[in-house]
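S.K.: Listed in order, the protein sequences are those of chains Z, V and G.
Going by full-length UniProt numbering, the first sequence opens with residue 1, and the numbers climb by one from there.
Going by full-length UniProt numbering, the second sequence opens with residue 1, and the numbers climb by one from there.
Going by full-length UniProt numbering, the third sequence opens with residue 1, and the numbers climb by one from there.
Some clues are possibly wrong.
Remember, identical chains collapse to one label, so a pair may be satisfied in a single copy or spanning two.
[To be verified] No farther apart than 27 angstroms at their CA atoms in a straight line, the calculated lysine-lysine pairs in the DSSO-like style are these:
1) Lys251 - Lys171
2) Lys256 - Lys160
3) Lys251 - Lys160
4) Lys171 - Lys56
5) Lys95 - Lys215
6) Lys215 - Lys256
7) Lys95 - Lys259
8) Lys223 - Lys251
9) Lys223 - Lys259
10) Lys256 - Lys95
11) Lys171 - Lys160
12) Lys259 - Lys215
13) Lys171 - Lys223
14) Lys223 - Lys56
15) Lys223 - Lys95
16) Lys56 - Lys95
17) Lys56 - Lys259
18) Lys256 - Lys171
19) Lys223 - Lys160
20) Lys223 - Lys256
Treat the hints as calculated values from the structure; they're not laboratory data.
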Amino acid sequence: MKRIAAPLLTAAITSTLAISAHAENYPGVPALEELGKAAPALEDYTGNLVLGEVWKRPDLSPRDRSIATLATLVARNQTGELRYHVNFALDNGVKPAEISEIITHLAFYAGWGNATSAASVVASVFEERGIGEDQLPAADIELLPLDVETEEARETAVQKNYGGIADGVLKYTTEALFRDLWLRPDLAPRDRSLVTVSALIATGKIEQVSFHLGKAMDNGLTKPEASELLTHLAFYAGWPNIFSTLPVAEKVFEAKAAK
Amino acid sequence: MKRIAAPLLTAAITSTLAISAHAENYPGVPALEELGKAAPALEDYTGNLVLGEVWKRPDLSPRDRSIATLATLVARNQTGELRYHVNFALDNGVKPAEISEIITHLAFYAGWGNATSAASVVASVFEERGIGEDQLPAADIELLPLDVETEEARETAVQKNYGGIADGVLKYTTEALFRDLWLRPDLAPRDRSLVTVSALIATGKIEQVSFHLGKAMDNGLTKPEASELLTHLAFYAGWPNIFSTLPVAEKVFEAKAAK
Amino acid sequence: MKRIAAPLLTAAITSTLAISAHAENYPGVPALEELGKAAPALEDYTGNLVLGEVWKRPDLSPRDRSIATLATLVARNQTGELRYHVNFALDNGVKPAEISEIITHLAFYAGWGNATSAASVVASVFEERGIGEDQLPAADIELLPLDVETEEARETAVQKNYGGIADGVLKYTTEALFRDLWLRPDLAPRDRSLVTVSALIATGKIEQVSFHLGKAMDNGLTKPEASELLTHLAFYAGWPNIFSTLPVAEKVFEAKAAK
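Excised from the complex, chain Z in its bound form:
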């Protein structure tokens, strides 16, 4: 990697991604040059390869990359990095209401403590940027219409496989997840799938990727987007999680292409 003058993380982003002025002053976020005090090569890869090249690749928008990155950080409980990426997500066009729903979604898909820890960070960024509860979706809200046929088929299949093993799990999968959470309107089903798939890959739950990557593509995630998502997550979830995902993705892509 060539090393260029990249004095501050925020400055590097401003010049390469042309994000808003907010990026120049994310409170509480260390500057890129801080990395150089421990690892000059890490500073260089971060500024020039990750922020300067990967985030600008086509096929996945900066907004989608921010959603995938937030999901990764929340699923792995990386609250240190989260402050930067909540700010960056807002500057990349992810709406406060969407961030709010991402956190809530991940309570179920990554664990309750992950979501509540993340909520503290998000609340403090929202406060710094003057984002009030009026911009956030209420708890009680009109839900999207349910695809009754698909959902009843899912319930029947799961009941047949696992009825009597953990009935509480099946009950809340139906009542809280597929007939409530997934129908909340402020995060599109395609984006909930993007969050879910990213969280699964980030936490190494590869055996669950097949179902959710297929569902993501049914919900509108294109193959080029899914493919580029793997490239993006290689950096944020680590290479080993991606190499474990590649054979699963291959089968999902083949199955979708055969339709």
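The hints should help you fit chains V and G onto chain Z, whose structure is shown.
M.R.: Leaving out everything else, chains V and G in the frame of chain Z:
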């Protein structure tokens, strides 16, 4: 979800679970309404679904739920949430001596750094609540009697499978785990199993669940308790870990029923 | 376990491992007796079993143990413990330049946020100990020579398996990993392998261990070292990750012995 007036996490718990006055004042723990500043739906699900409903379901006691939740948080290094749940566990009847042994047990089953990080949080809660070392089990203590036959069968099987691969691992599995740690008297074997199974599920070590869930049932965990444990952990360890566990649990339940 | 008088973590280490005077004063690191306020048994196991016995076992040097421990903590984002172990690693002979490269290496193998969080801790230890950027490898540096034949065989195999699935992943695997990162000279290939294998085991990516453990042995890690690494990591990555690794290690050891 309906949204009710649930001003503070501690107040919600007091009203729904009738825990002690300590809950009204857990030092350093953010209030439930803080969640609402990032995600009103998360505040609502937390107060009404998780604390208001899941924790009150039959088949698993609040004490056992607290043990499972502590194990999850320690195994995942979620020290932020841990402060609340150590307090909550004490209010739910988990003894200081048991919490002390849970942390020590998880050093071996989740990793040393997880236990030492957790110890800091636990030590500070103990200090706030005036719990001294006199309430904690000493390092050197009279052990429970060993089931020699079962342990020798285990040693023989493991030696046969893995002798010569990592003899230090086998040595300490015998000396430190099964002839020492598991025999420490201040956490019952059934509860050590509850901790171990919860930690395995929480960290996605599904391939190790079969052995330890079987052992848990041998140690006295009932099938309704194990089943409800999966429901509880769906919320704290995330849905994907539970769906990966369901087929394993099914086989263990079948094997126990066939006896 | 017998309990001996082990008043401070740093004192215990000084007496048992004869490390440098730095160990007596690691700023910001809690003393071993702090553990005893939560769990006297954990204090005892830490001082007498882990630090007093495991770290002194033959077949794996304290330096290598420190590298494996750093990799574990960074891969699991355990920044709390990291401060102690960066200091301990320096006292065990791991060079600042090596620590710098370990962090950078793990950005790719454990996730970007893990490395940047670790970099903050490392930077502050370096500052406390007066280690300046002049002791760290520059981003732009002359690389080790490439083993063209092996690398081209790898590229061909991966392209054949996964071409068209995520071409960005394959591109950066070649350009950023095997033709750049792995060739940076300040961390030997054998040590990069030690870091990679430790990170895989620490995060439960067992399905990726076979390739990297084999590569580690090709890079010079001996079977006794690899075997003792599993014993060391049992304590730092937790028993379940090691028991899942044992059958994989067995196959790799057999394959290498058959050559």
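S.K.: Now, for every hint given, state plainly whether the structure supports it.
M.R.: Going through the hints against the structure:
no.	hint	result
1	Lys251 - Lys171	between (30 angstroms within a copy, 21 angstroms between copies)
2	Lys256 - Lys160	both (25 angstroms within a copy, 20 angstroms between copies)
3	Lys251 - Lys160	both (25 angstroms within a copy, 15 angstroms between copies)
4	Lys171 - Lys56	between (43 angstroms within a copy, 15 angstroms between copies)
5	Lys95 - Lys215	within (23 angstroms within a copy, 45 angstroms between copies)
6	Lys215 - Lys256	within (11 angstroms within a copy, 36 angstroms between copies)
7	Lys95 - Lys259	neither (34 angstroms within a copy, 56 angstroms between copies)
8	Lys223 - Lys251	within (12 angstroms within a copy, 36 angstroms between copies)
9	Lys223 - Lys259	within (14 angstroms within a copy, 42 angstroms between copies)
10	Lys256 - Lys95	neither (31 angstroms within a copy, 51 angstroms between copies)
11	Lys171 - Lys160	within (13 angstroms within a copy, 43 angstroms between copies)
12	Lys259 - Lys215	within (14 angstroms within a copy, 40 angstroms between copies)
13	Lys171 - Lys223	between (33 angstroms within a copy, 18 angstroms between copies)
14	Lys223 - Lys56	within (18 angstroms within a copy, 44 angstroms between copies)
15	Lys223 - Lys95	within (25 angstroms within a copy, 45 angstroms between copies)
16	Lys56 - Lys95	within (20 angstroms within a copy, 36 angstroms between copies)
17	Lys56 - Lys259	neither (32 angstroms within a copy, 46 angstroms between copies)
18	Lys256 - Lys171	between (30 angstroms within a copy, 24 angstroms between copies)
19	Lys223 - Lys160	between (31 angstroms within a copy, 19 angstroms between copies)
20	Lys223 - Lys256	within (9 angstroms within a copy, 40 angstroms between copies)
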